[in-house]
Amino acid sequence: MKILVTVKRVVDYNVKVRVKADGSDVDVANVKMSMNPFDEIALEEAVRLKEKGLAAEVVVVTCGASVCQDVIRTAYAMGADRSILVDCPQSPEPLAVAKILRAVVERESPGLVIMGKQAIDDDCNQTGQMLAALLGWPQAVFASKVELDSAVAHVTQEIDGGLQTVAVNLPAVVTADLRLNEPRYVTLPNIMKAKKKEIETIAVADLGLDVAPRLKTLSVSEPAPRAGGVKVGSVPELLEKLRNEAKVLPERGTQ
Amino acid sequence: MSALVLVEHDGGRINSAVAGCVAAARQWADAAGVGVVALLCVSESASEAAGALGKEAARLKGIDKVLVAKGSAHGTPMAEALANQLVSVVKSQSITGVFIAATSLGKAVMPRVAALLDVSPLSEVSRVVGKNVFERLVYAGNVVATVQSDQPVQVATVRSTSFEGLGALPADAPAAPIEAAECVSVFDASRFISKALSVSDRPELQSARVVVSGGRALGSAEQYQSVLLPLAEKLGAALGASRAAVDAGYAPNDCQVGQTGKVVAPELYIAVGLSGAIQHLAGMKDSKVIVAINKDPEAPIFQVADYGLVGDLFELVPELTLQL
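So the protein sequences, as listed, match chains A and B. Numbering (numbering that gives the first Met the number 0) for the first sequence: 0 to 254. Numbering (numbering that gives the first Met the number 0) for the second sequence: 0 to 323.
The set of hints was computed from the structure by calculation and includes no laboratory data. Wrong hints could be hidden among the right ones.
Derived lysine-lysine pairs resembling DSS-like cross-links, with alpha carbons at most 25 Å apart [what the hints assert, rightly or not]:
1. A:Lys240 with B:Lys287
2. A:Lys19 with A:Lys1
3. A:Lys246 with B:Lys287
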């Protein structure tokens with residue numbers, strides 16, 4: 000079985016982004032970029048499934064400009080077998096990405112698509128569900144455990160109150176949550192080898208899809224800072240403030 | 000034309016996150032000059048509970064009509080069948096805005112609905128600015144984006160803690176009418192197998208009045224329990240945790256408060272031994288009163304805390320528990 004894994008190039012999670020002075024967008028010039036951490040987890044899961052003999056090939060796909068080659072190199076160093084870069088002039092919206100991925104899926108016919116649950120830049124958490132809907136496939140989102148047989152995936156999902164297990168017929172879309180696995184560190188020899196591997200490039204125009212943005216970002220800003228309060232010197236002082244000033248605790252003796 | 004709200008429930012009670020979602024939908028509907036329809040999806044067998052849920056939904060302030068879709072497709076709530084049901088109702092009821100609380104189920108359902116309607120949706124809307132303008136947080140809560148959508152249907156999840164619930168109608172007010180909606184067919188390529196809900200005597204994190212949350216400074220799972228649990232018990236509080244504490248194995252996954260975990264807004268949030276990483280702050284900064292206990296006076300958590308107490312948590316928390 001072939002597994003398709005999607006990866007996105009995003010601002011590194013250690014970078015604190017700044018809003019541009021004119022409030023038009025965030026400033027990503029000269030900022031460290033990396034593979035979206037949830038996509039690393041998705042790729043790690045696919046590589047592990049291959050190492051267990053449950054998958055034959057791991058194909059990674061990304062959508063973006065040619066600079067996105069760096070995350071594909073990382074994916075190769077982690078164990079991907081083949082890669083596709085869908086060349087888009089600008090970062091498409093999740094709906095457009097889902098349409099691009101549908102076209103890739105129709106060409107590649109994977110048995111399973113594993114994706115990160117969300118990208119840490121736009122925090123949308125949409126693309127996996129959208130791809131599944133466009134394909135008419137089942138989905139298992141927020142996965143913390145994936146068990147595969149030839150026709151069905153049993154997926155444990157992180158839900159609000161705990162965990163839930165579903166069975167989805169393959170082909171299906173699975174999205175990875177934080178605790179599905181711990182991605183391996185890439186080794187220097189693997190990084191060197193990755194540099195020589197081929198990246199197939201598809202121009203988005205050749206897919207004949209409408210990928211024009213539907214949403215317009217009017218402005219971005221830093222969230223209004225919450226006014227910090229006071230430091231108190233002791234537990235009794237804290238309790239006095241909570242009872243009499245904030246009034247979130249009942250007065251002493253009334254409990 | 001109407002707004003549509005998905006009424007998520009567990010078979011017995013309406014999910015507490017629905018209240019904020021109804022408030023957001025009402026704000027949007029008022030801006031757009033339309034009504035609000037609530038959709039309740041229930042299993043075939045749940046006749047009595049379904050009736051009670053329908054009546055409860057019909058008494059929610061801000062709802063003009065309740066639709067009940069009853070059938071085997073909704074035995075256990077599954078994203079695929081719910082999305083198909085929502086799309087069916089959008090088409091039959093001329094819906095122009097779909098609002099779903101950003102619960103784990105809501106996040107799974109909403110993008111499917113949007114894709115099937117060929118619409119670019121908005122995730123975790125935190126403010127309705129107008130009928131086609133919304134605010135949402137991006138970059139782990141570091142940035143607020145104001146986004147315009149001129150599409151024929153608005154599809155969004157709602158960050159419920161950002162909206163004040165409207166509550167129930169007064170006893171003498173007439174309830175909204177309840178109508179049946181045609182149930183979609185079963186989506187049989189996915190099946191529910193089992194659910195393992197965390198067993199806890201503590202209140203549910205997202206609806207608790209008080210939350211006691213711990214960070215990595217607790218040092219171990221045992222100390223997380225032995226230090227925080229007595230305080231939580233005394234306050235009737237839910238237990239939360241920072242991502243660092245969850246990653247270290249001190250607390251279960253579903254305790255995690257933050258942009259990628261739970262978003263909470265209790266009346267009182269007590270942060271113990273956690274530094275206040277920005278992604279954690281995004282999950283709790285709407286709390287009414289924040290107390291921070293940390294030994295590092297420079298910890299960022301003190302910048303958002305109403306009351307900060309600098310010192311050793313292993314001394315201060317038991318002292319606080321004792322004096323309550």
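Taking each numbered hint in turn, which are not upheld by the structure, reported in ascending numerical order? The structure breaks only hint 2.
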